[in-house]
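Visitor: Sequence:
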Amino acid sequence: MTEFQPFLASYLYFVEIVLLIAAVIITISSFDDLFVDLAYWSSRLLGTAEGKSKSLPPVDALEQLPERPIAIMVPCWKEHEVIFSMLSSNSRLMRYSHAHYFVGVYINDPLTQDEVRKAQALYKNIHMVLVPHDGPTSKADCLNQTLSEIFLFEAEQKLQFAGIVMHDSEDLIHPLELKLFNKVVDLYDFVQLPVYSFSRPVTSLIAGLYMDEFAEMHTKDLEVRQRLSGVIPCAGVSACFSREAIQHLMDRNQGEAFRTSSFTEDYDIAFRVAELGFKSAFIAYPVSYAIDINIDNGQPGIIYRSLPLATREFFPSGLEAAYRQRARWLLGIVFQGSREHGWRGSLGTKYFLVRDRKGVMTNPAVMLGYFALANLTAFEFYRSLLDPERQFTYTLLSTDWAVWLFFVNFAFLIWRLANRMIFTGMIYDLRHALMSAPRLVVGNFVNFFATWRAVRVYLSHRISGKPLVWDKTSHSYPVHVGELALPLAPASIGGPGGQTETE
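FYI, in my numbering the residues of the sequence shown are 71 to 573.
Think of the hints as simulated: they come from the structure by calculation, not from any bench. For each residue, glycine too, the CB sits at the ideal point set by N, CA and C. Don't take every hint at face value.
Stated by the list, open to error - Pairwise CB distance ranges, derived in the manner of DEER restraints: (1) A488 <-> E137: 35 to 45 Å; (2) H197 <-> Q317: 52 to 62 Å; (3) Q317 <-> Y440: 44 to 54 Å; (4) L192 <-> N323: 31 to 41 Å; (5) L443 <-> L504: 20 to 30 Å.
Start from the sequences, fold in the hints, and give me the full structure.
Guide: Set out below in structure tokens:
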């Protein structure tokens with residue numbers, strides 16, 4: 071083995087360097103996360119964490135307000151498996167009589183058209199918008215066509231919508247959502263409500279990631295972001311714009327509110343609304359019930375506990391679907407966002423832009439750390455079996471500063487796991503809170519694959535000049551449409567969950 075010793079010693083030194091580089095990057099990122107965590111928990115201690123919802127009237131007062139017309143945009147591309155259930159269930163559950171659904175469908179998507187027409191036969195407030203060219207183009211293009219139809223409908227019907235709401239074809243909208251928007255659209259020109267995943271089986275690691283991440287992001291991060299920067303990113307779901315804000319965006323962009331080149335048109339439009347001086351808000355409005363999936367029997371039902379008013383939906387449960395979706399988010403937020411928005415805004419806005427974009431550095435760094443730790447584990451086995459006299463020793467990792475660095479990182483890991491478990495437990499239950507720890511490790515791998523794909527797709531786009539098209543995620547819906555009605559006492563709202571996932 072003597073002839074391999076110089077090579078092993080050099081390789082070990084290389085692994086030490088890799089591990090220390092990863093540790094430094096992760097430590098910097100962890101201090102950033104700690105700052106946001108402390109900002110949130112200090113606000114909880116001071117009683118200021120309720121944010122914009124604190125000044126709003128109770129639900130009874132919202133329900134007594136005169137209803138005004140509100141438009142809901144639902145862009146579609148090959149959503150024939152879910153769109154009828156989405157439109158039917160939300161139309162039946164919605165406690166708002168002046169809602170109009172405008173469903174954007176491409177002319178080369180006849181299956182989705184047929185499903186929308188089935189819903190139209192049952193509900194007169196559903197309107198199909200035919201996009202006059204083949205799809206997929208971009209989600210923004212479909213939304214722009216839908217907006218044009220909304221303004222045309224206003225002119226024909228001689229009415230004016232108080233707000234324009236964004237939703238996707240897999241959303242189960244909270245029955246009180248439009249009641250809240252009817253009030254807050256007079257106060258703010260863009261409002262984002264929380265979005266949460268449906269409960270998934272505890273064994274579903276990848277689908278469970280979305281439960282953990284959205285529970286934390288839409289409980290903690292957006293609240294802190296609102297207080298420190300005032301710019302709220304749009305999630306594309308449970309998002310309401312005032313008619314005035316949409317009209318200004320269209321006037322400034324040649325009749326198109328959404329930039330058709332953007333992969334994350336929702337994230338992009340929120341920044342442009344803020345740049346125009348319109349007021350934005352993230353509102354976590356507490357209500358007494360939510361609709362979720364019972365993970366024991368797979369059926370949707372009412373949960374009677376105080377939770378923020380939020381839309382629920384299924385997120386991908388397969389590895390490829392998950393990292394492709396996240397790659398699309400990275401493409402729009404990191405690469406296109408950097409090019410379109412740069413580093414404009416207040417100091418707080420710039421800080422959160424860094425947080426939005428740091429994933430392209432931290433995701434690979436975590437994988438480097440895993441790679442180095444695997445090598446060091448193998449090296450320790452080698453030393454215990456073939457090097458009992460410890461001829462091989464660490465050069466860098468034995469230094470005091472390196473030891474302290476790893477103690478700091480270990481403390482950050484415990485803190486991160488504790489926070490993730492707390493926020494998951496707030497929205498779900500103890501089982502999922504405990505499972506959020508192993509899911510955090512799985513999430514690191516998903517994020518790495520997403521980063522790799524995003525970088526590859528963006529470089530290919532820049533080199534070849536080919537446009538980026540709508541790389542959509544296949545969707546599923548929680549119920550077969552049957553006897554859907556909001557019960558007054560705890561009960562199931564439908565039959566067995568119609569989960570026909572195609573991720």
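Visitor: Look at each hint and say if it fits the structure.
Guide: Structure-based check of each hint:
1. A488 <-> E137: 35 to 45 Å: This hint holds: roughly 44 Å between Cβ atoms.
2. H197 <-> Q317: 52 to 62 Å: violated, 20 Å
3. Q317 <-> Y440: 44 to 54 Å: Hint holds: Cβ distance 50 Å, inside 44 to 54 Å.
4. L192 <-> N323: 31 to 41 Å: Check passed, 36 Å falls within 31 to 41 Å.
5. L443 <-> L504: 20 to 30 Å: For L443 and L504 the Cβ distance comes to about 24 Å; the hint holds.
This entry does not satisfy hint 2, going by the numbered hints stated previously; all others are met.
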